[in-house]
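Chains as they are written, first to last, in the working numbering: chain A, 1 to 76; chain B, 1001 to 1356; chain C, 2001 to 2252.
Everything labelled a hint here was simulated from the structure, so no lab data went into it.
The beta-carbon is built from N, C-alpha and C at its ideal position, and this holds for glycine as well.
Heads up, some of the hints might be wrong.
Said to hold, decoys possible - Taking lysine-lysine pairs in the DSBU-like style, the calculated list, with each CA pair at most 35 Å apart, reads:
| hint | chain 1 | residue 1 | chain 2 | residue 2 |
| --- | --- | --- | --- | --- |
| 1 | B | K1225 | B | K1235 |
| 2 | C | K2012 | A | K55 |
| 3 | B | K1045 | C | K2168 |
| 4 | C | K2043 | A | K25 |
| 5 | B | K1045 | B | K1003 |
| 6 | A | K51 | A | K17 |
| 7 | C | K2012 | A | K47 |
| 8 | C | K2193 | B | K1225 |
| 9 | C | K2043 | B | K1045 |
| 10 | A | K47 | C | K2013 |
| 11 | A | K47 | C | K2043 |
| 12 | A | K37 | C | K2168 |
| 13 | C | K2189 | A | K37 |
| 14 | B | K1194 | C | K2150 |
| 15 | B | K1202 | C | K2218 |
| 16 | C | K2013 | B | K1194 |
| 17 | A | K25 | C | K2218 |
| 18 | A | K55 | A | K25 |
| 19 | C | K2043 | B | K1189 |
| 20 | B | K1202 | B | K1239 |
| 21 | B | K1190 | B | K1225 |
What the hints assert, rightly or not - Selected chain A positions facing chain C (Cβ under 8 Å, derived; list incomplete):
| hint | residue |
| --- | --- |
| 22 | P10 |
| 23 | K17 |
| 24 | S21 |
| 25 | S31 |
| 26 | M34 |
| 27 | L49 |
| 28 | E52 |
| 29 | S60 |
| 30 | I69 |
As the list claims (entries may be wrong) - Interface residues of chain B toward chain C, partial, derived using beta-carbon atoms under 10 Å:
| hint | residue |
| --- | --- |
| 31 | S1060 |
| 32 | G1071 |
| 33 | G1089 |
| 34 | I1197 |
| 35 | I1209 |
| 36 | L1340 |
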Amino acid sequence: MATGCIEIMPELCKDCKLCISVCPKGLIESSDRMNQKGYYPVYFTEKDLKKEDRKCTGCSLCAISCPEIAIEVYRD
Amino acid sequence: MTKVLMRGNHIVGESAIRAGCRYYFGYPITPQNEIPEYMCQRLSKLDGGTFLQAESEIASIHMVIGASMAGGRVLTSSSGPGMSLKQEGISFLSALELPAVIVNMSRGGPGLGNIAPAQSDYLQATRGGGHGDYRNIVLGPSSCQELADLTFEAFNLADKYRIPVVILGDGMLGQMMEPVELPLELKIKKLPHKDWILTGAKGRPSRFIRSLILDPVEEEAHNWKLMRKYERITKEEVKWETFLAEDAKMMVVAFGIAARIAKGAIKRIREQGLKVGLFRPISLWPFPNKVIKEFTERIRHFFVFEMNMGQMVEDVKLALGGSSEIHFYGRPGGIVPTPLEISRVITSKYHQKRLG
Amino acid sequence: MEKVFSRPRSLKKTPFHYCPGCGHSLLHRIVGEVIDEMNLQEKIIGIPPAGCAVLAYNYFYIDMGEASHGRAAALATGLKRALPDRVVFTYQGDGDIAAIGTAETLHAAARGENFTTIFVNNGVYGMTGGQMAPTTVLGQNTTTSPGGRKEKRDGFPVDLSKMLAVTKGSAYIERTAVNSPANILKTKKAIAKAFQIQLEGYGFSLVEILSPCPTNWKMDPVEACRWIGEVMTISFPLGILKDVTGEKKDAY
């Protein structure tokens, strides 16, 4: 089973929530910290977890769905 | 050099080819149909020659834009309603600073009008014609030889200044046949390189050509940039001709085919001993304002004759600034008056003003 | 850890000005990915529309030339005929291509002009505030079809891709959407195929993409994507309408 992780660039996010709707494991959530454009960017809930604790597989569905190219994906 | 007997519309085509034009996009409309037909024949035999009869004048002017963006020397032609359709495209050509040559063989109008020759598109051509603050270079040939020479030069002017150039002809000029000396063919490879065209970003940063400038500050700057170009053109590219003007007491002002008729009229008038001359603007934009004004030092009467209801007369009035009397005679709708008729009108005015 | 997804090289780093959830942002990225993968950056020339994507040239590291509203197909014709060995594509909205630009597009297809059109169908005039478009579906509410598009008052929507598929000069016409990751990937494949069709000189190619306009549809982006699947695809079914290299060689 591949492990992955994503990096979300909050300044690019417009909170469209498309990534949230497609993540098969529900690993993205809305945040409550506004970015400079006035949006509340989403964040990766497993950001601070170690590799062995993460459920993210790097499937990239979130990145594929993100209109702002705000998500980069890493995979083993 | 040998002369060939050719029809005006064909001369436009041949001259364009010799100036390195390899792209023609147009649409049939009388009285210029011979231009697309000629270009179709000629371009089909040339390497890299592209002829396309578009689905409308709107489509064809935009094909002109495309080929000009790619760096080609491009020609289109039309008349009356077709010229009106092209105006948005011409505004874009100006804003995008793209070279192109547009030939208008004017006909009677407005509306569908007729297919007889007229000069009723002068204001449309010299005021830009479309939306926005811009001007095109407008040339007014009055003979087949001039059609040959000015069409050739139009391509050089268009490239030199990155500006559309309108050849303001008319139905008679397009149809008549005269012996002409055609210009020597240019070598396309020797044409100056254009460093602003769209060819794919190979070996250089990508570029774009656009006229949308949302910031008014930037748009104003762009407008002034165009204005400075127009000032340069006004300094360098004014063209005119005079005929028997040295001792004239009345100066006829006419352009294009009307000037041919006027010359015939003036020859008759001179036989009666009346001192009438002709001032013929050849560049209609830039209009030879300064030159014509100089004649007001000794000539008090200007007689404008055009085949319309009064268009170039406005430019004459502007240029003279009230320093002389201006008379006008026009025949719109496709009427081509004879030199006899014009000579009578001028003579009558001459005597009425007691010019002796 | 290997980076498996990032911004395409042919896209500038400029953040998109489009609304949250707008299909243009997705499509710009998709086009950028295709340009990267097919190595077209140095030979491709794009023609943006008059519409929300009028500033497309701010996002791509490729040559681009502006066309006036609706006339991109004519401009592309002139450009491609002058530079037949470059890849030329137009990028047009539904008003641009199916209202004011119908004649130019139809005739370019009929002539088999060898360029590609990316037709972004979001069923409204986005930039000007959400007026009815030729592809607004019956019952769809817009600022100029209050209460929803009505047959008698507003006429029927236009299926331009179907019309173009019937035209003999068109080589490849496919309709996709960007309302789900699967459809996004299919769109990318379709655009790549369209460029390939152009490279092989088959004639006119077009990919119509059903695209969300959350702002003017007055929905949130997720809802908008769902609406495409549930409503738009009924009037505009997805799939290949014409493919001279495949099984759909003839009219739709």
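How the hints compare with the structure:
Under the criterion of a C-alpha separation no larger than 35 Å, the hint pairing B:K1225 with B:K1235 is consistent with the structure, at around 16 Å. Between C:K2012 and A:K55 the CA atoms are separated by roughly 32 Å; this keeps the pair inside 35 Å, and the hint holds. Of the supplied pair hints, the one linking B:K1045 and C:K2168 holds, its CA atoms being roughly 27 Å apart against a limit of 35 Å. Taking the CA atoms of C:K2043 and A:K25, the gap is near 41 Å; set against the 35 Å cutoff, the hint is violated.
Of the pairs offered as hints, the one joining B:K1045 and B:K1003 holds, with about 23 Å between alpha carbons and a cut-off of 35 Å not exceeded. Straight-line distance between C-alpha atoms of A:K51 and A:K17 comes to about 25 Å, which keeps the hinted pair within the 35 Å bound. Restraint check for C:K2012 and A:K47: satisfied, since their Cα atoms lie roughly 27 Å apart, inside the 35 Å limit. Using a Cα cut-off of 35 Å, the hinted pair C:K2193 and B:K1225 is violated, with the two alpha carbons roughly 43 Å apart.
Of the supplied pair hints, the one linking C:K2043 and B:K1045 holds, its CA atoms being roughly 28 Å apart against a limit of 35 Å. At roughly 24 Å between alpha-carbon atoms, A:K47 and C:K2013 fall within 35 Å of each other, so this suggested pair holds. Taking the CA atoms of A:K47 and C:K2043, the gap is about 40 Å. The hint is violated against a cut of 35 Å. This hinted pair does not check out: A:K37 and C:K2168 have alpha carbons roughly 49 Å apart, beyond 35 Å.
With a C-alpha separation of about 33 Å, the suggested pairing of C:K2189 with A:K37 holds against the 35 Å cut-off. Distance check on the hinted pair: B:K1194 and C:K2150 sit about 52 Å apart at the alpha-carbon level, beyond 35 Å; violated. Between B:K1202 and C:K2218 the CA atoms are separated by roughly 43 Å; this puts the pair beyond 35 Å, and the hint is violated. For the suggested pair C:K2013 and B:K1194, the alpha carbons sit about 29 Å apart, so the restraint of at most 35 Å is met.
A C-alpha spacing of about 29 Å is found between A:K25 and C:K2218, which places the hinted pair at or below 35 Å, so the restraint holds. Proximity of A:K55 to A:K25 is assessed by CA-CA distance (about 7 Å); at most 35 Å being required, the pair is judged to hold. Among the hinted pairs, C:K2043 with B:K1189 is consistent with the structure: their alpha-carbon atoms are about 22 Å apart, no more than 35 Å. A C-alpha spacing of about 41 Å is found between B:K1202 and B:K1239, which places the hinted pair above 35 Å, so the restraint is violated.
For a cut-off of 35 Å, the pair hint linking B:K1190 to B:K1225 stands: about 28 Å separates their Cα positions. For A:P10, the interface hint is violated, the least distance from its beta-carbon to any beta-carbon of chain C being 12 Å, above 8 Å. Interface restraint check: A:K17 against chain C, minimum CB-CB distance 6 Å, threshold 8 Å, status holds. Interface hint status for A:S21: upheld, as the beta-carbon distance to the closest one in chain C is roughly 5 Å, under 8 Å.
For A:S31, the shortest C-beta to C-beta distance to chain C is roughly 15 Å, which exceeds 8 Å, and the interface hint is violated. Contact between A:M34 and chain C, as hinted, is not supported at the beta carbon level, the nearest pair being about 14 Å apart and thus beyond 8 Å. Annotation: A:L49 was flagged as interfacial toward chain C, and the flag is violated, the nearest CB pair being 14 Å apart, outside 8 Å. Look at A:E52: its Cβ only gets to about 13 Å from chain C, farther than 8 Å, so that hint breaks.
Hint on A:S60 holds. Least Cβ distance to chain C is approximately 5 Å, under the 8 Å limit. Look at A:I69: its Cβ gets to within about 5 Å of chain C, closer than 8 Å, so that hint holds up. The restraint placing B:S1060 at the interface with chain C holds, with a minimum CB-CB distance near 7 Å, inside the 10 Å limit. At its closest, the beta carbon of B:G1071 sits 7 Å from a beta carbon of chain C; the interface hint therefore holds under the 10 Å criterion.
Taking 10 Å as the C-beta cut-off, the interface hint given for B:G1089 holds, the closest approach to chain C being about 7 Å. Of the supplied interface hints, the one on B:I1197 holds, with its beta-carbon coming within about 9 Å of a beta-carbon of chain C, less than 10 Å. Taking 10 Å as the C-beta cut-off, the interface hint given for B:I1209 holds, the closest approach to chain C being about 5 Å. This hint is violated: B:L1340 has a C-beta 47 Å from the nearest C-beta of chain C, more than the 10 Å allowed.
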